Amino acid sequence: MAEPIEKVSIVISKGSLEGVYPGLIMANGARMEGIEATLFFTFFGLDAVIDKRMDHLKVATVGNPALHIPTIVGGLPGMSAMATKMMSKEMEKIDIPPVREFIEMIHDAGCDIYGCKATVDMFHLKKEDFCEQVDDIITVGDFYEKSAGAQIIFT
Amino acid sequence: MAEPIEKVSIVISKGSLEGVYPGLIMANGARMEGIEATLFFTFFGLDAVIDKRMDHLKVATVGNPALHIPTIVGGLPGMSAMATKMMSKEMEKIDIPPVREFIEMIHDAGCDIYGCKATVDMFHLKKEDFCEQVDDIITVGDFYEKSAGAQIIFT
Amino acid sequence: MAEPIEKVSIVISKGSLEGVYPGLIMANGARMEGIEATLFFTFFGLDAVIDKRMDHLKVATVGNPALHIPTIVGGLPGMSAMATKMMSKEMEKIDIPPVREFIEMIHDAGCDIYGCKATVDMFHLKKEDFCEQVDDIITVGDFYEKSAGAQIIFT
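Keeping their order, the protein sequence lines are chains W, E and C. My numbering puts the first residue of the first sequence at 2, with every later residue one more than the last. My numbering puts the first residue of the second sequence at 2, with every later residue one more than the last. My numbering puts the first residue of the third sequence at 2, with every later residue one more than the last.
With the rest of the complex left out, here is chain W (with noise of 0.2 Å):
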């Protein structure tokens, strides 16, 4: 009998909002299923649990050509947002709430939160910028050990 997922270490490296909501699709799924699960915001992850921006992140509208818009037109000031608008819509009718409170949702179901203490260093950010579900700033050796027994999903 193969073994059960038991536990999932997300690391959350990307800051568009296609590049967030998957891996928190995931550790809530993950949660759900009575999966054990911790979120890893690292880089340009960071964003989306920096209180003043979590609640801004956008759909990058060029370098994707899966969304169907050339470049020459995605680039355009307000295309972004235009994007940002329509797939928010989209996730909320499928019940996936705005990237803040499926953090709320996430942590309360037992998830816990961390930043990447080099990210964090490197992008001259404190403890304070962080909404309150980031449990701890932490180094990536801390990391590998809160992984223990767990499966790393890099997204």
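Rather than coming from a laboratory, the hints here were simulated on the basis of the structure. The model shown is predicted, which means the values in this text are computed figures rather than measured ones.
Since the list gives no way to pick out one identical chain from another, each pair is judged satisfied if it fits inside one copy or across any two copies.
In silico lysine-lysine, BS3-like type, Cα no more than 25 Å apart, as pairs: (1) K94 with K128; (2) K8 with K147; (3) K8 with K118; (4) K94 with K118; (5) K127 with K90.
Following the hints, put chains E and C in place on chain W, whose structure we already have.
Leaving out everything else, chains E and C in the frame of chain W:
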């Protein structure tokens, strides 16, 4: 003795040609080694198994400095089509088939192929929109269940 | 007791500066904790170990809303060079060395470094094109074999 990799559960989340191939190559490589493999398409990655789109995936010619094309050139109409043609040609030379054929081959080799329910709902898609190799549309919870004993690889 | 992470097998598939660093930082962090580590460079990630290119990796200034630079500005000539200079400076401040030096350091710390054969063939590269830290050019099958007992982390 370290435990050999016996099963991989590969998530494909991007819809550009260069975003889809690594996951397909890893799934195919796994099957060739007798390693069990599952493919799970989510977010823009779904494009790779949508019947009307899978033959038209494109290379992103902006947002990737490693392509060595200035953004101002990469964003011009036709550039993505040209880069796609070039990459497809190089792929063919090293015996990597086009996406549709590759997916058929991987599926024939015993790899299960799934679409992500949340994204399918978000994009208003139906089971009929997918190529016949898609075995089922499943939730993230189902995905974890099917990943028992596997290394989860998010691409 | 949950089983500690004892080995990581990190795939680097992107060639932008911010696409390469997370994998390097995770490999370095692993070695510093006494965790076994392997690096596998594939697709555009190969740029980070190509002798003539590894000193010139650039930040992508479009397609990443978390950079907070409008696409129309991010696409201007010179923007990527400027953002690259800024990021490199911040990296230096937190004691993260430039890519070449970092790879030497990680390799010296006992991390094996491999290039992906399929991509090497696709891009018409040769073993001589790579920095000396690249131990070998291996297939995906070899990669899985070398990943026995490891957490596979795709970045």
